[in-house]
Amino acid sequence: MKQVVIASRLSDGLVVFLKQAGQAGAVEWALRLESAEVAENDARAAELLALAEADAVSTQIVVDPYLIDVEEQDGQLRPTKYREVIRCLGPTIRLDLGKQAEGSEA
Amino acid sequence: MALLEQRGETAAVIDDRFVRVDDEGALPESGGVLVSLSRFLAEKDALLSRDGDVGVVLQPDESPTEIESDLARLSLVALDFPVFSDGRAFSSARLLRERMGYEGEIRAVGDVLCEQLTFMLRSGFDTFDMSSPKALEEFASVLKEVRFVYQPTGDGRATAIERRLDPERAK
Amino acid sequence: MYRYDEYDHALVQDRVAQFRRQVERRMSGELTEEQFRPLRLMNGLYLQLHAYMLRVAIPYGTLDSRQMRKLAYIARRYDKGYGHFTTRQNLQYNWPKLEETPDILGELAEVEMHAIQTSGNCIRNTTSDQFAGAAKDEIEDPRIWCEIIRQWSTLHPEFSYLPRKFKIAVTGSENDRAAVKVHDIGLIMKRGEGGEVGFEVLVGGGLGRTPFLGKSIRDFLPEEHLLSYLEAILRTYNLIGRRDNKYKARIKVTVHETGAEEFTRLVEEEWASIKDSALKLPKEEIDRIAAHFVPPDFRALDSDAPATVDREGSDPAFASWVRHNVVEHKAPGYAIANISLKPIGLPPGDATDEQMDLVADLADEFSFGEIRVTHAQNLVLPHVERDRLPELYDRLAAAGLATANVGLLSDIICCPGLDYCALANARSIPIATQITERFAEQQRLDEIGNMQIKISGCINACGHHHVGHIGILGVDRKGEEHYQIQLGGSASEDASLGKILGRGFSADQVVDIVDKLVSIYLDLREGDEEFIDTYRRVGQQPFKEGVYGAA
Chain P
95 MKQVVIASRL
105 SDGLVVFLKQ
115 AGQAGAVEWA
125 LRLESAEVAE
135 NDARAAELLA
145 LAEADAVSTQ
155 IVVDPYLIDV
165 EEQDGQLRPT
175 KYREVIRCLG
185 PTIRLDLGKQ
195 AEGSEA
Chain Y
102 MALLEQRGET
112 AAVIDDRFVR
122 VDDEGALPES
132 GGVLVSLSRF
142 LAEKDALLSR
152 DGDVGVVLQP
162 DESPTEIESD
172 LARLSLVALD
182 FPVFSDGRAF
192 SSARLLRERM
202 GYEGEIRAVG
212 DVLCEQLTFM
222 LRSGFDTFDM
232 SSPKALEEFA
242 SVLKEVRFVY
252 QPTGDGRATA
262 IERRLDPERA
272 K
Chain X
64 MYRYDEYDHA
74 LVQDRVAQFR
84 RQVERRMSGE
94 LTEEQFRPLR
104 LMNGLYLQLH
114 AYMLRVAIPY
124 GTLDSRQMRK
134 LAYIARRYDK
144 GYGHFTTRQN
154 LQYNWPKLEE
164 TPDILGELAE
174 VEMHAIQTSG
184 NCIRNTTSDQ
194 FAGAAKDEIE
204 DPRIWCEIIR
214 QWSTLHPEFS
224 YLPRKFKIAV
234 TGSENDRAAV
244 KVHDIGLIMK
254 RGEGGEVGFE
264 VLVGGGLGRT
274 PFLGKSIRDF
284 LPEEHLLSYL
294 EAILRTYNLI
304 GRRDNKYKAR
314 IKVTVHETGA
324 EEFTRLVEEE
334 WASIKDSALK
344 LPKEEIDRIA
354 AHFVPPDFRA
364 LDSDAPATVD
374 REGSDPAFAS
384 WVRHNVVEHK
394 APGYAIANIS
404 LKPIGLPPGD
414 ATDEQMDLVA
424 DLADEFSFGE
434 IRVTHAQNLV
444 LPHVERDRLP
454 ELYDRLAAAG
464 LATANVGLLS
474 DIICCPGLDY
484 CALANARSIP
494 IATQITERFA
504 EQQRLDEIGN
514 MQIKISGCIN
524 ACGHHHVGHI
534 GILGVDRKGE
544 EHYQIQLGGS
554 ASEDASLGKI
564 LGRGFSADQV
574 VDIVDKLVSI
584 YLDLREGDEE
594 FIDTYRRVGQ
604 QPFKEGVYGA
614 A
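Residue numbers (the numbering used here), protein chains in the order written: chain P, 95 to 200; chain Y, 102 to 272; chain X, 64 to 614.
A few of these clues could be false.
[To be verified] Straight-line C-alpha distance at most 27 Å; calculated BS3-like pairs for lysine-lysine:
hint: 1; chain 1: P; residue 1: Lys-193; chain 2: X; residue 2: Lys-143
hint: 2; chain 1: P; residue 1: Lys-175; chain 2: P; residue 2: Lys-113
hint: 3; chain 1: X; residue 1: Lys-343; chain 2: X; residue 2: Lys-228
hint: 4; chain 1: P; residue 1: Lys-113; chain 2: X; residue 2: Lys-228
hint: 5; chain 1: P; residue 1: Lys-193; chain 2: X; residue 2: Lys-338
hint: 6; chain 1: X; residue 1: Lys-199; chain 2: X; residue 2: Lys-343
hint: 7; chain 1: X; residue 1: Lys-199; chain 2: X; residue 2: Lys-253
hint: 8; chain 1: X; residue 1: Lys-228; chain 2: X; residue 2: Lys-346
hint: 9; chain 1: X; residue 1: Lys-393; chain 2: P; residue 2: Lys-175
hint: 10; chain 1: X; residue 1: Lys-311; chain 2: X; residue 2: Lys-143
hint: 11; chain 1: X; residue 1: Lys-278; chain 2: X; residue 2: Lys-338
hint: 12; chain 1: X; residue 1: Lys-562; chain 2: X; residue 2: Lys-309
hint: 13; chain 1: X; residue 1: Lys-230; chain 2: X; residue 2: Lys-133
hint: 14; chain 1: P; residue 1: Lys-96; chain 2: X; residue 2: Lys-541
hint: 15; chain 1: X; residue 1: Lys-230; chain 2: X; residue 2: Lys-253
hint: 16; chain 1: X; residue 1: Lys-393; chain 2: X; residue 2: Lys-199
hint: 17; chain 1: X; residue 1: Lys-346; chain 2: P; residue 2: Lys-175
hint: 18; chain 1: X; residue 1: Lys-160; chain 2: X; residue 2: Lys-143
Worth flagging that the hints you see were computed from the coordinates, not collected in a lab.
Make the full structure from the sequences, and use the hints.
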């Protein structure tokens, strides 16, 4: 099962995804699921999570990182659990809010 | 760990006159000892007759009523916070101080957050065993954070109601 | 309403400064998230699914136009142009930034507002009757006591680290509009033998995983002993409440496990030691606070309101609105006007910044500047001249605030659910909007009459589903949203807990089930029975059979 790391940004609480785990454990965070680094197996997923947790402590950019299952649907990444789908899109009853809103910074 | 005490508008680190001895440990020949409630109850006579002050540490589920009759002979009651969120010791401290009239040192030990200090002082705690290296600095700054209080406790601080009734009364 | 004096102002300002420092220390990494979490919770700031959520306290659901304008401004400047009114008469913002929260709290402090203790294991907002000070059936304004409790409970040194959250509600009328029977402490005001004011004290009510109705532990508590008695209850709870299991930590479990009789004995024993302490309320302080709640200068008016009567005769929509949203006032010629925040097809309990500004203006023009929030997530203008209702109605209608459904089926109580809340298992708002759309027609709503549907997106029951005539609980069943239906709950003075109907339903089935239940009721009702009356008369069986088929 493919997995990505999801977390909340400390400064504004927005949902972010681990984008890149570079050299020496340097981590970047992205606002969009499409930009997330996808782990193809559990071992890689565990690695990414460990990097995320270390980054949370060292840079204090994010809090509460955890892994979510994702799958490809029509060429797009999508979480398998609807709770995480909602986190990736925004409130289902306000399509003008959250990441789903066009031109949204989130 | 450092033992802290309020000094007016600020705080100071003080020496700990007590040695904490666990239930199996040998008691030092002299000097203050701090023991668990069960040890105190089991070895009361020996403890009170040795050369040195006696302190008892209470866990949150141990009531001050267990030592109420011995309070005059205890120099220290320590109340443990296994986690900072376990607030039972606030009630125990108030009961010791206000109900039982305990005049000795009440000490907070365990997971003590500096954010809790003003509440603890108001509840009757005198000293605080704190692990943070910045504890002294934080202590001094939290003292300044709260100018007025609503509730009466044994600390005698004038409440908002008392000030309203008698504005001359400032403590 | 209450006005802060220098001490109240100082307390809130000190709190803002303190939180600002704490946020700085968190942002710099000096405080870890674990250390910061309880601090941010004590200031009502949660981390939710999409962003932070800030819960602003609206003490006993009362605010004035100036405060409402500030809430609108904050929604505009720091959030996304709206706010959500809650089942505890508070307001929630769904998109504040942590780094801006100290500024938000600073703005609130300017108008005597705050977010202190709207979260965490401490004493929360004391809630009350939304018609306080206006209702005909009131003994005395309960808000006097709510304000006294508010001050006593704010930053209480002994009770800030309780086993769990603690909620107090006060009613000043026999008709309980404050749901006191499902609160940790419920206070029912009454008169003693000599006509003096006192309280019946209930303890251990609550919803959530294990719902209970409160037990009466003292039949009459004289007013001057209120705080010492509360302190005795809280101290007893603080010491013996369970701390080993989060789901057994509320006082309702403590009372249940200890036994009401033994719990009462412990409280009374503790109280005996402190009843004549400094907590005994001096008459001057009671009077000082009561002076803030004297009624406004009502004009001497006739009871008849020709403009309103005329309009009722010619405009059925207006007539409906008066019939359902307007309540009798104690002063002749005045009325209590409910503002429904339950428009068809939109999230219940939300208001835009523009709507908030409008309500503030209307409060100034029609209601002595005063506004109330109800635990059913609506607003109230408590003191409106009855003859001016047509004017008011037109202004509300233009802003989508005149849905004539207060107390009717589409006046749904609904938590934010999985669309917003990190605790939720299922969405609740779409269920509510679907129901309001199915039952949009006024005539049908009128025919059905008083009906309370309450929806929660998880077992925590913030939508009060246990005490709905129809209660709906969203759960996660094997990764799918699934809904359990209960019937026969009530939050009033005749409080009862709902009973589960049977196996649950998928999201797209719920509306049809509600429709079916309504049809069954309409078939069975006798005379002018409301849904709850019919249910109590015939029991669950006919509804069960109608929904699931005969056994």
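Tested hints:
A hinted pair counts as satisfied when its Cα atoms are at most 27 Å apart, and Lys-193/P with Lys-143/X qualifies at roughly 13 Å. For the proposed pair Lys-175/P and Lys-113/P, the alpha carbon gap of about 20 Å is at most 27 Å, so the pair holds. Of the supplied pair hints, the one linking Lys-343/X and Lys-228/X holds, its CA atoms being roughly 25 Å apart against a limit of 27 Å. Of the pairs offered as hints, the one joining Lys-113/P and Lys-228/X is violated, with about 38 Å between alpha carbons and a cut-off of 27 Å exceeded.
Among the hinted pairs, Lys-193/P with Lys-338/X is inconsistent with the structure: their alpha-carbon atoms are about 56 Å apart, more than 27 Å. Between the alpha carbons of Lys-199/X and Lys-343/X the distance comes to roughly 30 Å, so the proposed pair goes past 27 Å and is violated. Note on Lys-199/X and Lys-253/X: the hinted pairing holds, with a Cα-Cα distance of about 15 Å set against a maximum of 27 Å. A distance of roughly 30 Å separates the Cα atoms of Lys-228/X and Lys-346/X; the hinted pair therefore is violated under the 27 Å criterion.
Note on Lys-393/X and Lys-175/P: the hinted pairing is violated, with a Cα-Cα distance of about 53 Å set against a maximum of 27 Å. Distance restraint check for Lys-311/X and Lys-143/X: the Cα-Cα separation of roughly 37 Å exceeds the 27 Å cut-off, and the hinted pair is therefore not satisfied. At roughly 21 Å between alpha-carbon atoms, Lys-278/X and Lys-338/X fall within 27 Å of each other, so this suggested pair holds. Our distance criterion of 27 Å between C-alpha atoms is met by Lys-562/X and Lys-309/X, whose separation comes to about 24 Å.
Restraint check: the Cα-Cα separation between Lys-230/X and Lys-133/X comes to about 26 Å, which is no more than 27 Å; the hinted pair holds. Only pairs whose Cα atoms come within 27 Å are accepted, and Lys-96/P paired with Lys-541/X is accepted, the gap being roughly 20 Å. Taking the CA atoms of Lys-230/X and Lys-253/X, the gap is about 21 Å. The hint holds against a cut of 27 Å. Under the criterion of a C-alpha separation no larger than 27 Å, the hint pairing Lys-393/X with Lys-199/X is consistent with the structure, at around 4 Å.
Distance restraint check for Lys-346/X and Lys-175/P: the Cα-Cα separation of roughly 59 Å exceeds the 27 Å cut-off, and the hinted pair is therefore not satisfied. For the suggested pair Lys-160/X and Lys-143/X, the alpha carbons sit about 11 Å apart, so the restraint of at most 27 Å is met.
Violated hints, in rising order: 4, 5, 6, 8, 9, 10 and 17; the structure is consistent with all others.
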